Amino acid sequence: MNNEAIKDLLYKMADDALIIGHRNSEWTGIGPMLEEDLAFSSMAQDKVGHASALYKILHEILGEKDPDVLAFQRGEKDFKCCQLVELPIGEYDFSLVRHFLFDHAELIRYEMLASSTFEPLAQLARKVKGEIKYHVMHADTFLKQLSQGTEESKARMQSSLNYAMPFALGIFEKSEYEDVLIEEGIFAGEEKLQEKWLEKITSIVTSSGLTMPEVADSKIVYGGRKGYHSKFLEPLLDEMTEVTQIDPSAEW
Amino acid sequence: MSLDPRINRLDLHRTKEGEQTSSHLITWEVFHQEKRGKQPVHAGIVHASSPEMAMLFAKEQYARRGKTTNLWVVKTSDVYTFSYEDEDIFETTPEKTFRDPGFYKVRDRIEAYQAKNKIQ
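Residue numbers (the working numbering), protein chains in the order written: chain A, 1 to 252; chain B, 1 to 120.
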């Protein structure tokens, strides 16, 4: 099997999960209500858990560095996350819309990976499917609730959706290993994932009473998968790695 | 008004002095079922605006640890209860020991059967 192709796939998945997990955890303690604060924080923890599991595969099976080193001691250019996950949390409507768009892609990606020829990834996909199913259930419930709430909540959801969509489409930026991954049965590919995702979210967005934004190909925000990031990633990494910068061997 | 001073400092819950704009969402009673077939046990409450949202919150608050097979949520206002003033209707129940299963005559036969077949 082509290890470089697998590594590339694992890095982008792990980095997406780590960065969105970190971002969403910024709501902890200031969520809109106690119950939701708990639920959102808990899902953020799940994401960091997924990142950790993926870094572990990279380390234990593919010979990359220790998971803590991968998470905390890589430079900004080495990160392969899409720009959607880097954006600041904004107001709650944006964080919910991003959660909706991202988690639907995650759910389908892991469903596709459950039959991957790379067994460690197939195993992980089967293990996390319940967690991500809940994340999607949470996202769908809030999207519907707020899209059908007041005029203001509907307008907020629509404008966040319009803003997030060009970034969300950047999730599916292809890598140079796309064909190899498909040929070797490791992953059925970003194009197929995007197709399934669009179909799924279009039906939920429309039935919630919102309008699917039209995004021209030229407006899609690519670059993240190749190490080109928004201005928001660097400060996030600085904050996230503050402790390791002071003492790389710190344990807590 | 929150009990948490940090939240109050944010001044999120009022626009003008003394005017409260947000109201708490209604409450839902949560029942936790450990295994299929076992009775759901009351676990606590959550605030939510719909049954779907109540289930989301119930999962995170009451199914965080240990095994869970299902959760029930019921709108608190749909639960009918006696008044505590009527607690006296239950007063003599503990005295009615003749209702304990040990008092059934069949008990002797069960014990005999258990002894014969060495069942605990």
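Treat the hints with care, as some may be off.
[To be verified] Under the rule of at most 30 Å between Cα atoms (straight-line distance), these lysine-lysine pairs were calculated in the DSS-like manner:
#1 133(A) x 96(B)
#2 75(B) x 133(A)
#3 56(A) x 75(B)
#4 127(A) x 59(B)
#5 133(A) x 59(B)
#6 154(A) x 75(B)
#7 118(B) x 200(A)
#8 196(A) x 59(B)
#9 105(B) x 133(A)
#10 154(A) x 59(B)
#11 154(A) x 7(A)
#12 129(A) x 59(B)
#13 35(B) x 129(A)
#14 219(A) x 231(A)
#15 154(A) x 196(A)
#16 35(B) x 127(A)
#17 96(B) x 144(A)
[Claimed, not checked] Output of the computed footprint for chain A on chain B, the stretches with three or more beta carbons under 8 Å from beta carbons of chain A:
#18 58–69
#19 89–96
By construction, these hints were calculated from the structure, which means they are not laboratory data.
The structure presented is a predicted model; accordingly, all values stated were derived computationally and were not measured.
Ideal Cβ positions, reconstructed from N, Cα and C, are used throughout, including at glycine.
Hint check:
For a cut-off of 30 Å, the pair hint linking residue 133(A) to residue 96(B) is broken: about 51 Å separates their Cα positions. Distance restraint check for residue 75(B) and residue 133(A): the Cα-Cα separation of roughly 25 Å lies within the 30 Å cut-off, and the hinted pair is therefore satisfied. Note on residue 56(A) and residue 75(B): the hinted pairing is violated, with a Cα-Cα distance of about 44 Å set against a maximum of 30 Å. Distance check on the hinted pair: residue 127(A) and residue 59(B) sit about 18 Å apart at the alpha-carbon level, within 30 Å; holds.
Straight-line distance between C-alpha atoms of residue 133(A) and residue 59(B) comes to about 13 Å, which keeps the hinted pair within the 30 Å bound. With a C-alpha separation of about 26 Å, the suggested pair residue 154(A) and residue 75(B) falls inside the 30 Å cut-off, and the hint holds. Between residue 118(B) and residue 200(A), the direct Cα distance comes to roughly 61 Å. Violation of the 30 Å bound is thereby established for this hinted pair. Only pairs whose Cα atoms come within 30 Å are accepted, and residue 196(A) paired with residue 59(B) is accepted, the gap being roughly 28 Å.
Restraint check for residue 105(B) and residue 133(A): not satisfied, since their Cα atoms lie roughly 54 Å apart, outside the 30 Å limit. The straight-line distance between the Cα atoms of residue 154(A) and residue 59(B) is roughly 26 Å, inside the 30 Å bound, and the hint therefore holds. Of the pairs offered as hints, the one joining residue 154(A) and residue 7(A) is violated, with about 41 Å between alpha carbons and a cut-off of 30 Å exceeded. Taking the CA atoms of residue 129(A) and residue 59(B), the gap is near 16 Å; set against the 30 Å cutoff, the hint holds.
Proximity of residue 35(B) to residue 129(A) is assessed by CA-CA distance (about 21 Å); at most 30 Å being required, the pair is judged to hold. About 18 Å separates the Cα atoms of residue 219(A) and residue 231(A), which keeps this hinted pair within 30 Å; it holds. For the proposed pair residue 154(A) and residue 196(A), the alpha carbon gap of about 25 Å is at most 30 Å, so the pair holds. A distance of roughly 20 Å separates the Cα atoms of residue 35(B) and residue 127(A); the hinted pair therefore holds under the 30 Å criterion.
Between residue 96(B) and residue 144(A), the direct Cα distance comes to roughly 54 Å. Violation of the 30 Å bound is thereby established for this hinted pair. Given as covered by chain A, the segment 58–69 of chain B passes the check, having 4 residues with a CB less than 8 Å from a CB of that chain where 3 are the minimum. Coverage of the segment 89–96 of chain B by chain A is violated. Counting CB-CB distances below 8 Å, 0 residues qualify, and the rule asks for three or more.
Of the numbered hints stated above, those contradicted by the structure are hints 1, 3, 7, 9, 11, 17 and 19, listed in ascending order.
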